[in-house]
Every structure is written in C-alpha cells, then in structure tokens.
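Participant: The chain contents come next:
2 protein chains.
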Amino acid sequence: MSLPENFAENTLEKTNARLTKLFANRTGRMRASEIRELLKLLDQPDIISFAGGIPDPAYFPREAFAEAMTKALSEQAAAVALQYSTSEGYTPLRDWIVGYMARHGVTCSRDNILITAGSQQALDYLGKIFLNAGDTALVTWPTYMGALGAFNAYEPRYDRIDPQTNRPTEDVLADAKAAGGEVKFAYLSTDFANPTGVTLTEDQRRTVLSRAEALNCAVIEDAAYQELRYRGDAIKPILALEIEEKGDIDACRTIYLGSFSKTLAPGLRVGWAVAAKSVISQMVLTKQAADLQTATINQIAVSEVANGVFEDHVAKLREVYGVRLDAMLAALERHMPEGVEWTRPDGGMFVWVTLPRGMDGAELLKEALKANVAFVPGGAFYADGSNRNTLRLNFSMSAAAKIEEGIARLGDVIRTQM
Amino acid sequence: MSLPENFAENTLEKTNARLTKLFANRTGRMRASEIRELLKLLDQPDIISFAGGIPDPAYFPREAFAEAMTKALSEQAAAVALQYSTSEGYTPLRDWIVGYMARHGVTCSRDNILITAGSQQALDYLGKIFLNAGDTALVTWPTYMGALGAFNAYEPRYDRIDPQTNRPTEDVLADAKAAGGEVKFAYLSTDFANPTGVTLTEDQRRTVLSRAEALNCAVIEDAAYQELRYRGDAIKPILALEIEEKGDIDACRTIYLGSFSKTLAPGLRVGWAVAAKSVISQMVLTKQAADLQTATINQIAVSEVANGVFEDHVAKLREVYGVRLDAMLAALERHMPEGVEWTRPDGGMFVWVTLPRGMDGAELLKEALKANVAFVPGGAFYADGSNRNTLRLNFSMSAAAKIEEGIARLGDVIRTQM
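Each protein sequence line maps, in turn, to chains A and B.
Note that the working numbering has the first sequence beginning at 267, numbered continuously upward.
Note that the working numbering has the second sequence beginning at 267, numbered continuously upward.
In case anyone wonders, no lab produced these hints; they're calculated from the structure.
Treat the hints with care, as some may be off.
One copy or two, either will do: identical chains are not told apart, so a pair holds if it fits within one copy or between any two.
Below 25 Å or equal to it, Euclidean Cα-Cα: the simulated BS3-like pairs (lysine-lysine) are [what the hints assert, rightly or not]:
| id | residue 1 | residue 2 |
| --- | --- | --- |
| 1 | Lys287 | Lys443 |
| 2 | Lys512 | Lys287 |
| 3 | Lys543 | Lys287 |
| 4 | Lys543 | Lys512 |
| 5 | Lys543 | Lys502 |
| 6 | Lys502 | Lys512 |
| 7 | Lys636 | Lys668 |
With the hints as extra help, turn the sequences into a complete structure.
Facilitator: Have a look at this one:
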C-alpha cells in the first residue's frame with residue numbers, strides 16, 4: 267500500500283478529532299489539576315517549594331511496611347495477599363477501623379465500612395452515587411480542589427456551605443430546583459482543611475448538621491488531616507455528633523472519609539468510608555463495578571502496620587510537623603508586609619494566605635519562581651474561580667530553616683508587587 | 267433528651283429511605299454481581315467449584331514479589347515507593363509495556379500508556395469518558411459481565427457486535443439514534459474470552475475494525491487472557507492490525523486493555539491501557555480526578571517482577587493450565603449427555619456450555635449444588651439476560667483429577683434434569 271507522504275499526520279488529526287468528538291458531555295468538565303501540573307515543574311533543587319501537599323518521605327514507617335510485606339508474602343500468606351478479595355475490604359483492617367472510629371466517638375460495625383483506594387476514590391464514588399447532572403453539591407469557599415475534580419465528572423452545580431455564611435435554606439433549595447436538580451450533599455473538610463488549615467468548631471459542626479437536616483441532603487465529612495493535630499483538643503467528627511443525636515449510625519446522613527495517606531503513607535492508596543449501611547452497600551456495588559477491590563496486599567500491609575505502630579508513628583509526625591507549622595507562622599509574622607493575612611492552623615499541612623485585594627496569586631507565582639520560591643495560587647480552590655488574591659503554603663515538606671528562608675523570599679516578592 | 271423506645275428504628279428507616287432517595291438515577295442500573303455473591307457461598311471443602319474465574323494461587327510468583335517488595339522498601343527506595351506519584355503511571359513499568367506491546371505488533375510510546383488499578387478500572391474510565399446516558403455500547407452476546415457492570419453506571423443501551431452476526435450498519439446507527447444517543451464503542455475480548463473461551467480469528471478482528479470504521483465508533487479490545495494460550499499460534503491484537511493499516515497508533519480508534527491479574531497476580535491490581543494519545547490523556551485526567559494514581563509500590567513491584575520473570579512464569583502457567591483445559595475437554599466428552607454442547611478453547615480459563623433449549627442454568631445450579639458441584643449460570647453474561655440455557659466452567663483452579671470428578675457429577679445432574 268503506497269501512502270501520500272503526509273498521510274499519517276492527516277489521518278492522525280482526523281481520527282483524533284473523530285474520537286474526541288465521541289467523548290461524553292462530562293469530559294468538558296474534566297480538566298488537569300493545576301497543582302499536579304505545577305508540581306511537575308518544581309523538581310529543581312534551588313527552589314524552596316511550599317506548593318506540594320505531600321507528607322515528608324523521611325518519616326514514612328518504612329521498616330514497619332517492609333516487615334508487613336515480608337510477612338504478607340511468606341509462604342503461608344502469599345496465596346491470600348496476591349489473590350482477588352472482596353469489594354468491601356480486608357476484614358482485619360475494617361475491624362481495626364471500627365476500633366479507631368470508636369476512639370473518635372463513632373460507634374459502628376464492620377458493615378458500615380468500605381476500604382477505598384485512597385479517600386479520593388470515595389469522593390468519585392459519592393459523586394457517582396448521588397449526582398445527576400444539574401444537581402447541587404454544597405462546598406466550602408475555598409474547598410479541596412480534588413473534590414471539585416471528582417464531582418465535576420458528574421456535572422453538578424456548586425453552591426456554598428460555610429458555617430460562617432448563613433444563606434436561607436429556602437434560597438439554596440430554590441436555586442437548586444431552578445437549576446433542574448436537587449441539593450444532594452454538603453462536602454467539607456472538618457480538621458485543618460486543605461487548603462485553609464481551618465478547623466470547624468463543635469458548634470459549627472452542629473450547624474452544618476442542622477443545615478443538612480433542613481436541606482435534606484447528605485454530609486460528606488473529609489477527615490483526611492484529622493490525626494495531624496499539633497495543639498489543642500480533638501473535636502468530635504460530625505458523624506460522632508450525629509450518632510449522639512440519633513442513636514445509630516444507620517440513621518445518620520453523614521458519610522465520614524478517612525485516609526492512611528497522611529498518617530502512614532500515600533503510595534499504598536488505602537483509605538476508607540464510614541456511613542449508614544444503605545450508603546456503604548451502594549458504595550460496595552460501585553466499587554465492584556469500578557475496580558473490583560482495593561489491592562489485597564496493600565490492605566493487609568496497612569492493617570499490619572496500623573495494628574503495630576499507628577499511635578507511635580502519628581505521635582512522631584505531630585512532633586515533626588508541629589515544629590514546621592510553628593516555624594512557618596513565626597516566619598510569616600516576621601516577613602509578611604502589612605495588608606497580608608493568613609490563617610493560624612492547629613494542625614494539618616497548610617497555611618492559607620490572603621493578599622490585598624487586586625493582587626493575583628497566579629501572577630505572583632511567576633515572580634516568586636524567579637526568586638526561587640513556590641506555592642499554589644488560591645483561585646483553583648474556589649468552585650467559581652474567585653478570590654484569586656489567595657495562596658496556599660505547605661509546611662510539611664520543609665525543615666524549619668528552609669521555611670524561614672522561603673518565607674523571607676516570598677515576603678520580598680510580595681512587597682515588591684504591592 | 268428522652269426518646270420514644272422505638273425512635274432509633276423509626277429514624278433509621280426514615281433516614282435510609284431519605285438518603286437512598288437522594289441517589290442518582292444511574293444507581294438503578296448498578297446491581298450486585300451474581301458471581302461475586304455466589305463465590306461467597308462456595309467456600310465449603312466438599313464442593314468442586316468451576317464457578318470462580320481466578321488464577322490458582324499455588325502458581326503466584328511469590329518469591330519474585332517478596333524480593334521486589336524488599337527492594338522497593340529498602341532505605342534507598344522507600345521514599346519513592348511509599349510516596350504519591352504521577353497519574354500516568356510508573357515510567358519503568360510503562361517502558362516495559364512499550365516493549366511488551368512491540369512484541370505483539372503494537373508500536374507505541376510511553377505516552378500511549380496509562381497504568382490502571384486492574385483493567386476493570388479502565389472499563390469504568392472508558393464508560394465515563396465515552397457514554398452519555400442513552401448512548402449505545404456494542405458488546406458480544408455473551409460478554410464479560412464485569413464490563414456490563416462498569417458501563418451500566420453510565421446508563422447506555424446495548425447492541426450486539428458479533429463477527430458472526432452481520433446486522434447492517436445503518437440499522438445499528440438508526441437504533442442508536444432512535445434511543446437518543448450515538449454508537450460510542452464496541453467492546454470485545456479478543457482471546458479466550460470470558461465467558462466463552464472463544465478467540466477471534468484475524469479475519470474476524472479485521473471485520474470488527476471495518477465495522478467500527480463504518481459505525482465511526484471506538485473499539486475497546488480486552489486482552490486480559492491473551493498470554494494464556496496453550497496451543498496454536500498467537501493472533502495479532504486488533505490494535506496491531508489497525509496500526510498496520512494506519513501507520514500510527516495516534517491515528518487508531520482501538521483502545522487495548524492489558525492486565526497483570528492473569529499472568530502475575532490479581533491482588534496487586536495493576537493493569538494498563540494502550541491507545542492514541544488523545545484517549546490516554548483523557549484517561550489520565552479521569553484517573554487524576556477518580557483516584558489520583560495506581561498505588562506506587564505496586565507498580566514498582568510489578569515492574570520489577572515483569573522485568574525479571576514474566577516470560578518464564580507465563581510459560582509455567584501455560585503448562586499447568588493447559589493440562590487442566592485438556593482434562594476438562596476430555597471429561598466433558600466422557601460425561602456430557604447428548605444434546606449438550608461446549609466450546610473448545612485454545613487457552614484462557616473457561617469453557618462455555620450450552621444446554622438443550624428450555625433448560626435453565628440457574629435452576630440447574632440449585633441441583634448441582636446438592637451434588638457438590640458448582641458453576642456460573644450463563645444468563646448474567648447477556649446484556650438482555652437471554653440464553654439462560656448456558657453455563658460457564660472454570661478450569662484454572664482445579665487439578666485434573668478434581669476436574670474429572672466434578673464434570674462427572676455435573677453430567678449426572680444434567681442427565682437427571684433433561
């Protein structure tokens with residue numbers, strides 16, 4: 267067969283266009299995560315990066331995982347560890363989580379728990395389960411951008427749920443109806459939220475719950491950072507408060523999402539959802555159809571490590587990251603010009619900075635990179651792209667001296683731009 | 267707060283109903299997999315089960331995985347293995363797959379490959395990317411029921427693509443349009459298909475491709491069982507045939523899905539998709555939003571084991587499973603009454619049995635269980651639930667003597683029921 271010289275190229279363009287024309291409507295809402303694209307560019311050693319949102323690998327419980335994997339792959343155990351397993355998840359891990367949740371005031375049974383491949387996967391499944399196109403998802407302003415990414419595939423509209431704002435229930439419901447759907451859930455991060463670092467007080471949690479009651483929607487409680495508290499007392503999860511009120515998790519509308527990514531290690535992709543059986547059984551069906559199960563060996567290893575070193579390991583993380591948070595807050599105090607504001611978290615991995623109005627985080631980043639310091643512009647964390655005069659700083663990846671140096675550089679850049 | 271005695275129960279019922287009422291329309295299409303539910307009941311030691319579809323754990327490359335995990339969790343490597351990584355997948359594993367695909371006639375680059383958490387996940391993502399509600403997915407009759415499960419969440423209708431049947435393109439297109447959508451893809455398993463064990467000839471593969479051209483739809487080629495060939499020569503994947511025709515993978519409409527579940531081990535959940543960059547980049551976006559990435563350490567371990575022992579290990583599997591296939595075909599010949607037909611696969615894990623018309627596989631299973639032998643009734647593999655006089659037999663999990671005994675029992679049960 268003899269082809270014209272530019273045949274392949276022409277065909278390529280045509281076929282690509284043909285194939286992408288076949289894509290479903292929802293793909294129009296699926297865009298690359300600015301953060302993940304940005305992080306690819308930040309590998310140069312000169313840059314002090316506050317852009318990441320990842321745990322410091324120097325503090326992974328490496329030895330515990332090495333032991334757990336060796337055990338899981340021993341002659342007695344490997345036939346199970348390498349084989350298919352149930353969609354619900356590895357029973358001993360679900361049982362460990364029952365105990366963990368009880369320590370946080372959540373009384374539940376194994377059947378209230380699904381193991382997911384990280385809590386990101388639970389967000390995808392909950393979008394799939396609840397959202398028809400045009401339904402309303404309530405989120406905070408700003409919110410975890412990965413949640414917007416997961417939900418976007420199911421074509422919702424967004425409205426605001428902030429304990430601070432107090433929009434009348436009727437207005438929220440009317441707007442949802444006018445858009446052709448219903449309010450399906452409110453999504454919030456309760457402790458040391460990504461990106462703000464802010465924690466909801468117990469009162470605010472109760473407010474969220476009573477608003478959800480009034481709106482008759484579910485509550486998705488993202489507790490990914492819950493364990494990383496460096497000062498102050500733990501506050502009960504929304505799910506615990508709701509169980510106190512209703513007496514039974516199966517009567518609750520709150521869906522709690524936990525993760526081992528911030529406490530043990532993210533590279534194994536193990537998280538979990540806790541909720542009423544009616545929700546969990548639909549999530550199990552969803553998982554069965556979507557990826558069958560979370561990797562068997564990963565669940566076994568996490569179960570082993572959680573049973574062995576969870577409390578001790580998290581205590582060490584709190585110590586290390588707590589020092590870094592303090593270093594960042596002190597450096598901000600020292601180096602930020604007047605007119606710049608920031609949150610003062612009690613834990614987590616992030617501090618949220620608000621620049622004077624009119625400044626733009628994305629524009630600032632270009633200048634900051636010239637000064638070898640990086641962060642994530644805040645606009646991407648708003649469902650409507652507003653509030654571009656914000657930025658997210660991560661402190662979990664840098665030692666105190668580096669934080670001091672980086673914030674000094676950032677302060678200079680901001681001062682020049684003001 | 268004093269509550270009436272039955273408060274919790276009443277609230278439970280009410281809230282469950284309230285929450286499930288919030289579920290999206292698509293959940294009406296998501297049902298439990300009969301097979302997975304069935305398999306839970308089959309743990310009794312007396313039963314000879316041909317119901318599974320899983321590899322024999324006695325032949326997992328346990329030692330290779332133990333070594334790979336130890337290496338991945340060494341002091342030098344663990345910071346990478348336990349950390350977040352890119353949505354596209356681990357580069358050395360994608361590079362191994364480039365070489366593997368080349369050996370099967372598929373010339374591609376790393377950017378044409380996405381690592382997925384098993385190939386089931388690719389089916390979910392492709393449903394998400396291509397299907398609006400009411401669109402048409404073409405499948406074989408019967409087809410892998412997990413594909414129907416994955417696609418159902420996106421509310422397609424199904425039509426038939428069988429190389430044997432020859433429905434005019436215009437009719438298929440007209441029906442799709444009448445249903446309010448478009449024909450988006452044809453899904454097929456090319457080698458030793460689950461459930462039939464049947465392999466498409468090269469001619470049939472070309473026919474599928476030319477029909478897809480005429481219908482202007484994508485082709486999803488499920489190659490999960492491709493390596494498990496026990497006799498005869500390998501046939502080129504549809505994607506390889508299309509590349510021969512068009513000169514460039516980026517001009518192709520075929521999306522090839524591979525899996526390590528049948529060759530190395532399913533418990534790690536590692537598979538891959540190979541396609542034009544336009545499709546892979548949309549799949550990467552989908553993965554980023556749905557679960558961020560496949561577990562880092564699993565990809566590293568699979569890469570290590572694939573580089574080390576893939577060919578030798580698969581050669582051993584072929585020997586073991588080939589004996590079992592022969593045992594099953596010989597036993598069927600000996601024990602099946604006249605009027606019963608079955609496929610004669612060259613590989614894979616399954617033989618497909620057709621009972622005389624009017625018999626029902628599900629009814630037969632009840633009787634078979636009394637005689638301590640199990641299989642999967644065939645109706646669930648048909649998008650329309652038709653052809654209930656069929657059943658799927660798995661031979662990968664039982665040694666030859668057990669197969670002989672189990673098929674003898676099954677023959678007796680069928681004879682009694684005829």
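Participant: Could you run down the list of hints and mark each one as holding or not?
Facilitator: Do the hints match the structure? See the list:
no.: 1; hint: Lys287 with Lys443; verdict: between (31 Å within a copy, 16 Å between copies)
no.: 2; hint: Lys512 with Lys287; verdict: between (49 Å within a copy, 19 Å between copies)
no.: 3; hint: Lys543 with Lys287; verdict: between (40 Å within a copy, 14 Å between copies)
no.: 4; hint: Lys543 with Lys512; verdict: within (15 Å within a copy, 51 Å between copies)
no.: 5; hint: Lys543 with Lys502; verdict: within (21 Å within a copy, 47 Å between copies)
no.: 6; hint: Lys502 with Lys512; verdict: within (15 Å within a copy, 61 Å between copies)
no.: 7; hint: Lys636 with Lys668; verdict: within (17 Å within a copy, 71 Å between copies)
Violated hints are absent here; each numbered hint is respected by the structure.
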